[in-house]
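Heads up: the protein sequence lines correspond to chains A and B, in order. For the first sequence, position 118 (counting from the first letter as 1) is numbered 118 according to my numbering, and the numbering increases by one without interruption. For the second sequence, position 35 (counting from the first letter as 1) is numbered 249 according to my numbering, and the numbering increases by one without interruption.
Please keep in mind that the hints were generated in silico from the structure rather than gathered at the bench. Among these hints, one or two may not hold up.
According to the in silico footprint, chain B covers these stretches of chain A (three or more CB under 8 angstroms from chain B) [as the list claims (entries may be wrong)]:
id: 1; stretch: 39-51
id: 2; stretch: 56-66
id: 3; stretch: 79-88
id: 4; stretch: 115-126
id: 5; stretch: 157-166
Between beta-carbon pairs, the in silico distance windows are [claimed, not checked]:
id: 6; chain 1: B; residue 1: 286; chain 2: A; residue 2: 81; range: 50 to 60 angstroms
id: 7; chain 1: B; residue 1: 287; chain 2: A; residue 2: 197; range: 32 to 42 angstroms
id: 8; chain 1: A; residue 1: 195; chain 2: B; residue 2: 335; range: 30 to 40 angstroms
id: 9; chain 1: A; residue 1: 184; chain 2: B; residue 2: 352; range: 18 to 28 angstroms
id: 10; chain 1: A; residue 1: 63; chain 2: B; residue 2: 297; range: 15 to 25 angstroms
id: 11; chain 1: B; residue 1: 217; chain 2: A; residue 2: 15; range: 57 to 67 angstroms
id: 12; chain 1: B; residue 1: 309; chain 2: A; residue 2: 198; range: 50 to 60 angstroms
id: 13; chain 1: A; residue 1: 203; chain 2: B; residue 2: 350; range: 30 to 40 angstroms
id: 14; chain 1: B; residue 1: 287; chain 2: A; residue 2: 15; range: 24 to 34 angstroms
id: 15; chain 1: A; residue 1: 123; chain 2: B; residue 2: 347; range: 14 to 24 angstroms
id: 16; chain 1: B; residue 1: 334; chain 2: A; residue 2: 122; range: 24 to 34 angstroms
id: 17; chain 1: B; residue 1: 335; chain 2: A; residue 2: 200; range: 41 to 51 angstroms
id: 18; chain 1: B; residue 1: 343; chain 2: A; residue 2: 188; range: 42 to 52 angstroms
id: 19; chain 1: A; residue 1: 61; chain 2: B; residue 2: 331; range: 41 to 51 angstroms
Even for Gly, the Cβ is constructed at its ideal location relative to N, Cα and C.
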Amino acid sequence: MMRLKPAEIAERVAQDIPDGAYVNLGIGMPTMVANYVSDDRQVIYQSENGILGVGPAPAPGEEDPDLINAGKQFVTLLPGGAYFDNAESFAMMRGGHLDLAVLGAFQVSEKGDLANWATNNDTYPPAVGGAMDLAVGAKQVFVIMSHTTKSGEPKILESCNYPLTGAAVVKRIYTDLAVLDVTDDGLRVRQLHGDNTFDEVQALTGATLLPAQN
Amino acid sequence: MINKVWDSFESAVSDVKDGDSVMIGGFGSSGFPLQLIEALRQHGARDLTVISNNAGVGDEGIASLLKDRLVRKIVCSFPRSAGSVWFERLYEEGAIELELVPQGTLAERIRAAGAGIGGFYTPTGYGTRLAEGKETKVIDGRGYVLETALPADVALIKAQRADAWGNLIYNTAGRNFNPPMATAATLTVAEVERVEAVGDLDPECIVTPGIFVDRVVAQKEWRNDAA
Chain A
1 MMRLKPAEIA
11 ERVAQDIPDG
21 AYVNLGIGMP
31 TMVANYVSDD
41 RQVIYQSENG
51 ILGVGPAPAP
61 GEEDPDLINA
71 GKQFVTLLPG
81 GAYFDNAESF
91 AMMRGGHLDL
101 AVLGAFQVSE
111 KGDLANWATN
121 NDTYPPAVGG
131 AMDLAVGAKQ
141 VFVIMSHTTK
151 SGEPKILESC
161 NYPLTGAAVV
171 KRIYTDLAVL
181 DVTDDGLRVR
191 QLHGDNTFDE
201 VQALTGATLL
211 PAQN
Chain B
215 MINKVWDSFE
225 SAVSDVKDGD
235 SVMIGGFGSS
245 GFPLQLIEAL
255 RQHGARDLTV
265 ISNNAGVGDE
275 GIASLLKDRL
285 VRKIVCSFPR
295 SAGSVWFERL
305 YEEGAIELEL
315 VPQGTLAERI
325 RAAGAGIGGF
335 YTPTGYGTRL
345 AEGKETKVID
355 GRGYVLETAL
365 PADVALIKAQ
375 RADAWGNLIY
385 NTAGRNFNPP
395 MATAATLTVA
405 EVERVEAVGD
415 LDPECIVTPG
425 IFVDRVVAQK
435 EWRNDAA
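This is chain A alone, in the form it adopts within the complex (with noise of 0.2 angstroms):
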């Protein structure tokens, strides 16, 4: 089977972001969607500490220690940025200003819930931060993830068994194998990645998927 690379996976969510769009982008995979993001489209990137219009990291020498993304990095502010507190920031989101956050995810359900923040290990310590705003928040949720666990397990299921970070919010989800769309009636396929077949992809899936439309 095909199975895209991270950074490949990240390229394929790029080339669905709209110019002109408002977007976050969550710790890890999805920050990478970025830097395929092509140079003819002006996508504003929020950060959820208080930053709209974050820029590429800055010059060796030249961080501003206050100056971080999300995930702790050091970034820059792009000409026409802002920056805001986080009760602001989280207004944003919540009052349905942005048009789009990418997430990473554990697992996602045929109807769109996504589970992203915490397993079912409880002697581990949880951390939330700003996923479950971004979830309920943003126009549209689009996950990004791999298609099933290192171990092989699905992690697109009828319903999600870790606890939920939103109910019915996830848009689309692009992984390794293929682009899913979360539409009223059910799991759809948008895309096969090369010439994975719908049953090879459908047997790794813990839900059942509804053919490409057209």
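Using the hints provided, position chain B relative to the given structure of chain A.
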């Protein structure tokens, strides 16, 4: 004459009491009032409830309060990150209580406290474990969770510039939780890089008006006596 400038961090936190709730501004590695936190650690008030986005990393800042076992409870959104060893150790021992709050709910609960709002309905967390036991309501077909205001006895915040009236201007993303926390505590103490003359801060650029700030202390050269 209004003059909110105090000449030492130690005196500015000397009336923090055992059992107080203490908001601490900052996010990740940005915008923390590190010298105020060190003064609080040396002051030694115990049994504190700390309200902050993170639970500290390494041995500095909030982690130093945990290491000295001055904190009974922490209210935060993201306690666990690379290097949060003291939080993890105390959590494992059952020596610290954790109230985990989604980041936007944390910010809004603080904002509500400062704005005289008793509570609010938010869609964040609806249908999740973090809403268990909380009142919910469906408004126009969407589910919401009732969250209550989160005030504190003390807020320790970090800004870049201040004047004697307590007006504050911040540095880039160091702003984070500092402005809402300034509004939500009985006593707000700001650590700043410099104090300027009243009238010199551009009123169009002041982020926190001085009415929210009780004490301002300018940074001295950083000395960690514990090291």
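| field | Cβ distance range 32 to 42 angstroms for residue 287 of chain B and residue 197 of chain A, holds or violated | value | 54 angstroms, violated
| said: Holds or violated: the 18 to 28 angstroms window for the beta-carbon distance between residue 184 of chain A and residue 352 of chain B? | reply: 20 angstroms, holds
| message | Given a hint of 15 to 25 angstroms, does the C-beta separation of residue 63 of chain A and residue 297 of chain B actually sit inside it? | response | With a Cβ separation near 19 angstroms, residue 63 of chain A and residue 297 of chain B satisfy 15 to 25 angstroms, so the hint holds.
| Verdict for residue 195 of chain A, residue 335 of chain B (Cβ pair) under range 30 to 40 angstroms | 49 angstroms, violated
| field | Pairwise beta carbon distance, residue 334 of chain B to residue 122 of chain A, judged against the given window 24 to 34 angstroms | value | 29 angstroms, holds
| Residues of the stretch 39-51 of chain A with Cβ under 8 angstroms from chain B, three needed, outcome | holds (count 5)
| message | Holds or violated: the 50 to 60 angstroms window for the beta-carbon distance between residue 286 of chain B and residue 81 of chain A? | response | Cβ of residue 286 of chain B to Cβ of residue 81 of chain A: about 40 angstroms, so the range 50 to 60 angstroms is violated.
| task | May I ask you to test the hint 24 to 34 angstroms on the CB atoms belonging to residue 287 of chain B and residue 15 of chain A? | result | 46 angstroms, violated
| said: Can you tell me if the stretch 115-126 of chain A counts as covered by chain B, using C-beta to C-beta distances under 8 angstroms and a minimum of three residues? | reply: holds (count 5)
| task | Go ahead and decide if the range 41 to 51 angstroms is satisfied by the Cβ distance of residue 61 of chain A to residue 331 of chain B. | result | Holds, at about 44 angstroms.
| If you look at each residue in the stretch 157-166 of chain A, do at least three have a Cβ nearer than 8 angstroms to any Cβ of chain B? | The restraint on the stretch 157-166 of chain A holds, since 4 of its residues have a Cβ under 8 angstroms from chain B and three suffice.
| request: Verify the coverage statement for the stretch 56-66 of chain A against chain B, using a C-beta to C-beta distance below 8 angstroms and requiring 3 or more qualifying residues. | output: holds (count 3)
Checked against the numbered hints listed earlier, the structure breaks hints 6, 7, 8, 14 and 18; every other hint is satisfied.
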